Amino acid sequence: MTRPSRPGAAAGSGDDPPERPLPGTPAPPPHAPPGTGRLRGDTPFPRAARAALGDHTLRDNLRRATGTIRARRLAATRELPDWERLRDAGAALKSEALDRLPELLPQLEAAFTGRGGTVHWARDAAEANAIVTRLVRETGSEEVVKVKSMATQEIGLNEHLARQGITAYETDLAELIVQLSGDRPSHILVPAIHRNREEIRGILRDGIPDADPRLGSDPAELAAAARAHLRERFLTVPVAVSGANFGIAETGTLCVVESEGNGRMCLTLPRTLITVMGIEKVVPLHRDLEVFLQLLPRSATGERMNPYTSLWTGVTPGDGPQEVHLVLLDNGRTAALADPLGRGALGCIRCSACLNVCPVYERVGGHAYGSTYPGPIGAVLSPYLAGMHATGDDPNRTLPYASTLCGACLDACPVRIDLPAMLVDLRRRHTEEAGRTPEALAMRTAGAVMRRPRLYTAAQRTAARLARAAARREGRITRLPPPLAGWTEARDAPVPARDAFRSWFASPEGAAAMRAAAREGERRRAAHEGPGGGAPADGHDRREEER
Amino acid sequence: MSGPTAREAVLGRIRDALALAPPGRQPVPRAYRTGRTLPDDERLALFTGRLADYRAGVRVCTAAATAEAVAGALDAHGARRVGVPPGLDPAWLERFGGEVLVDSAAVSPRMLDGLDAVVTASAAACAETGTVLLDGSPDQGRRALSLVPDVHVLVVGLSTVAAGVPEALALLVPGRPTTLVSGPSATSDIELERVEGVHGPRVLEVVLRTDA
Amino acid sequence: MRVGLFATCLADTLFPEAARATALLLARLGHEVVFPPEQTCCGQMHVNTGYQRTALPLVRQFAGLFRDPAVDAVVLPSASCTGCVRHQHAQVAARYGDPRLAAAVEEVGAKTYELTELLVDVLGTTDVGAWFPHRVAYHPTCHSLRMLRSADRSLALLRSVEGIELLRPPRDDSCCGFGGTFALKNAATSTAMLGDTLDRIASTGAEVCTAADSSCLMHIGGGFSRLRSGPRTLHLAQILAATRDAPHPLTEEAAR
Numbered sequence: 001m002t003r004p005s006r007p008g009a010a011a012g013s014g015d016d017p018p019e020r021p022l023p024g025t026p027a028p029p030p031h032a033p034p035g036t037g038r039l040r041g042d043t044p045f046p047r048a049a050r051a052a053l054g055d056h057t058l059r060d061n062l063r064r065a066t067g068t069i070r071a072r073r074l075a076a077t078r079e080l081p082d083w084e085r086l087r088d089a090g091a092a093l094k095s096e097a098l099d100r101l102p103e104l105l106p107q108l109e110a111a112f113t114g115r116g117g118t119v120h121w122a123r124d125a126a127e128a129n130a131i132v133t134r135l136v137r138e139t140g141s142e143e144v145v146k147v148k149s150m151a152t153q154e155i156g157l158n159e160h161l162a163r164q165g166i167t168a169y170e171t172d173l174a175e176l177i178v179q180l181s182g183d184r185p186s187h188i189l190v191p192a193i194h195r196n197r198e199e200i201r202g203i204l205r206d207g208i209p210d211a212d213p214r215l216g217s218d219p220a221e222l223a224a225a226a227r228a229h230l231r232e233r234f235l236t237v238p239v240a241v242s243g244a245n246f247g248i249a250e251t252g253t254l255c256v257v258e259s260e261g262n263g264r265m266c267l268t269l270p271r272t273l274i275t276v277m278g279i280e281k282v283v284p285l286h287r288d289l290e291v292f293l294q295l296l297p298r299s300a301t302g303e304r305m306n307p308y309t310s311l312w313t314g315v316t317p318g319d320g321p322q323e324v325h326l327v328l329l330d331n332g333r334t335a336a337l338a339d340p341l342g343r344g345a346l347g348c349i350r351c352s353a354c355l356n357v358c359p360v361y362e363r364v365g366g367h368a369y370g371s372t373y374p375g376p377i378g379a380v381l382s383p384y385l386a387g388m389h390a391t392g393d394d395p396n397r398t399l400p401y402a403s404t405l406c407g408a409c410l411d412a413c414p415v416r417i418d419l420p421a422m423l424v425d426l427r428r429r430h431t432e433e434a435g436r437t438p439e440a441l442a443m444r445t446a447g448a449v450m451r452r453p454r455l456y457t458a459a460q461r462t463a464a465r466l467a468r469a470a471a472r473r474e475g476r477i478t479r480l481p482p483p484l485a486g487w488t489e490a491r492d493a494p495v496p497a498r499d500a501f502r503s504w505f506a507s508p509e510g511a512a513a514m515r516a517a518a519r520e521g522e523r524r525r526a527a528h529e530g531p532g533g534g535a536p537a538d539g540h541d542r543r544e545e546e547r
Numbered sequence: 001m002s003g004p005t006a007r008e009a010v011l012g013r014i015r016d017a018l019a020l021a022p023p024g025r026q027p028v029p030r031a032y033r034t035g036r037t038l039p040d041d042e043r044l045a046l047f048t049g050r051l052a053d054y055r056a057g058v059r060v061c062t063a064a065a066t067a068e069a070v071a072g073a074l075d076a077h078g079a080r081r082v083g084v085p086p087g088l089d090p091a092w093l094e095r096f097g098g099e100v101l102v103d104s105a106a107v108s109p110r111m112l113d114g115l116d117a118v119v120t121a122s123a124a125a126c127a128e129t130g131t132v133l134l135d136g137s138p139d140q141g142r143r144a145l146s147l148v149p150d151v152h153v154l155v156v157g158l159s160t161v162a163a164g165v166p167e168a169l170a171l172l173v174p175g176r177p178t179t180l181v182s183g184p185s186a187t188s189d190i191e192l193e194r195v196e197g198v199h200g201p202r203v204l205e206v207v208l209r210t211d212a
Numbered sequence: 001m002r003v004g005l006f007a008t009c010l011a012d013t014l015f016p017e018a019a020r021a022t023a024l025l026l027a028r029l030g031h032e033v034v035f036p037p038e039q040t041c042c043g044q045m046h047v048n049t050g051y052q053r054t055a056l057p058l059v060r061q062f063a064g065l066f067r068d069p070a071v072d073a074v075v076l077p078s079a080s081c082t083g084c085v086r087h088q089h090a091q092v093a094a095r096y097g098d099p100r101l102a103a104a105v106e107e108v109g110a111k112t113y114e115l116t117e118l119l120v121d122v123l124g125t126t127d128v129g130a131w132f133p134h135r136v137a138y139h140p141t142c143h144s145l146r147m148l149r150s151a152d153r154s155l156a157l158l159r160s161v162e163g164i165e166l167l168r169p170p171r172d173d174s175c176c177g178f179g180g181t182f183a184l185k186n187a188a189t190s191t192a193m194l195g196d197t198l199d200r201i202a203s204t205g206a207e208v209c210t211a212a213d214s215s216c217l218m219h220i221g222g223g224f225s226r227l228r229s230g231p232r233t234l235h236l237a238q239i240l241a242a243t244r245d246a247p248h249p250l251t252e253e254a255a256r
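Chains as they are written, first to last, in the working numbering: chain A, 1 to 547; chain B, 1 to 212; chain C, 1 to 256.
If you are wondering where the hints come from, they were derived from the structure by calculation, not from laboratory data.
Fair warning: there could be bad hints in the mix.
What the hints assert, rightly or not - Covered, in the sense of this in silico footprint (three residues per stretch, anywhere, with C-beta under 8 Å from a C-beta of chain A), are these stretches of chain B:
no. : region
1   : 16-28
2   : 129-135
3   : 192-199
This one's a predicted model, so the numbers in the text were calculated from it and none came from an experiment.
C-beta atoms are modelled at their ideal positions from N, C-alpha and C, and glycine is treated no differently.
Model the full structure from these sequences, guided by the hints.
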């Protein structure tokens, strides 16, 4: 599936393998190449999750934070009478934009360029990192300030810049907390959601030079410490790197949605602004913001509107950066686009609502997913972008199974991404790509038994006999062998009845019971035309008559 | 290097992807609320209520009393040095006793940081979300001006307050450097609890002129 | 009405009381219950674990057994299996089957109902004349709540049960952590979710926990069994099937 794409390699030229097998024949676009950036972790999800579950502080932090945000989101979305219609529009707009990418991206490029900006294209993380590095070098600066951006997390930009001798300062409070503690983000919107105020106090006190040793844990005080710390950077660093929430093809306008004002600082004060944006962030019309600026803040933080939204179009003389760049990033997005179902995942507006309602995320947090993108959206987006079998024991193959398919994510998604359907389909793709495994053999065996009713009935009897013997007098099964052993870690297994339903139904006893039930119903209907007769319910008072 | 080759490669992949999984395009249903109008008193109540939810200050006045309201807002926060965009009506600062700096290209970010407050006009507003829209017009100034000082006094005319988000965004001129402001700067990054006051102005004072 | 009963492999084998109660309840309501004995499993486990192709014969089997126009409706005592039949069978048929199968699947899917849907939406009744004088916590399963959106039917039926004290656990929209093979593949996470679910349900002080899915009840019941405490689990059909004339054994036990 995964075909590596090398930066700088022109399609089908020179000694490079051709990008497509035959002229005019569509080739499956490559996944994000492994090795650069962060679209997979190094531990299978179940193992990473088990480790996270042992961290009680983490679980408490997550439970409290996700509980708070769930209530706020519900209040904010219920307030709008047309919420469902906004979701319909949002879903359709995203779908339309993806269908029209060949036309919208050049349109965005032309409009942005026409207003004095420069557009760059990057096939993958390595290429995007190289472009940003070159642009920063050209300014002569060895420092950049950063607005929180998923795209630059995904490509591992900070680490790449550090290797090139360029220091990137994260300016979002949570990103700062993560950066100062040498940690990794664990949430799309609130990267430090796994930390509580006491932990954050320690991180800021130890990480900020000249921090007040008496710094308290009141969130307002912590925010003030970050303000004081970063103000000087905003005033002096001449280059900023951002992502973008939306890129408007019609006008060439880029949009960043934020809360703290660190985004405005970065987008306004430096001389040079470099924006890295996934190609899927393009929307057709300026007007389309009227949908997304209602969906996003209410789904993300449960606010009617986020404190600040910035829109800029190329360069405005005398206002803001006078040199602006836009790096359009593929990095596996076209691979997702080629999947009829996976395409839907590209509609994600990074609100995090699916994380906040996910019972799995709530217990294990974001790090267990390995990738930049955690939670339900990450469990589909990471495999769609980077594949599931890029390495020998690719942890991404475990992500589609990191869900009970409970459906809470679909209900919460402001653009109606059908995450459960995608999870199920990625499981199908995984099993088909994985080939012969013990599990596949077991499933095939079970399938072979189940499609033969007589064999099934015989197997059912044998299993019941064995299980009843195993349960002995205790009447419960407390230990099962692998692969069922996980069940009895914390649960007893049921003891099958001596007779399956089918034997009862076919037995004289079953037939007699069914006749008796039918007679009882007839008796009731004849006596009262009352309940139990199957007549439409018309209140509860008939019960009184029956007495 | 990058340039046209990467561009062609990415656009080629997109075409391939769409050929492999052809889109089934459907019209965008814009059945959500648009074009709403509300009477003045309802917009006023909605807008001021929403601003209060963000813990923004609100001073409702008539156009004739603008200078008094602006001075009141500045004095309430002890502002002595105040920046204004070059196109702001000087009459609005008539009752203010402190120093007024008119912004220009010569004013550095560090100078802006030395100001106590900034006073600007606004392009439009949205009642339902308590949002004020700035578009860089001469009476609103460049984006840095309304960002760096810690107190932002925003003068808004009730006639420019639209009912909802679609109605407010329709009042924008696309392509201008635009900022949507909904309350003072805030963060929910610590335990997802909203705290007002981070990098942007920690104090937002809206002077709402009922007859403007 | 002639109702085809698909017992589901889980109820057929492990929880026959749930299937029995479904059959007896429908008989009491005056309907003919047919049980094609060639039935086995809907294939949900295969589909949800990624083995869609292996599920194809089961999809074919289901459609073949119930396509008969003499069967007016098909009923399953399980929201998740109903969801599988109505939504996933079509996907399997489209991907691996043929147009004839796809047509059959669509036809059968359109007359397939989870028990509470059949009672309330098709038969138009919420009062089935049940008597169950116990404190009952209702756990809306994910498939009742979000896939079929039939949880309100369950509640309406339970509210009409004579003698019942219906209890709602806090945060009852949360998944119990079962998730089919999730409970095996991600046993630790499943266990953490189960622990919270048991706490929520136990906090109601119920004698019985009920739901529309035997699978989730197996999970919850297995957890309480391990703890040697908490309510016992009964499928919703078992409560609806209990009457004054034929009370649930639990009622007689309590009376002693």
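Checked hints:
Given a C-beta distance limit of less than 8 Å, the hint that chain A covers the region 16-28 of chain B holds, as 11 residues qualify and 3 suffice. Only when three residues or more bring their CB closer than 8 Å to a CB of chain A does the claim for the region 129-135 of chain B stand; here the count is 3, and the claim holds. For the region 192-199 of chain B, the proposed coverage by chain A is satisfied: 8 residues have a C-beta within less than 8 Å of a C-beta in that chain, meeting the threshold of three.
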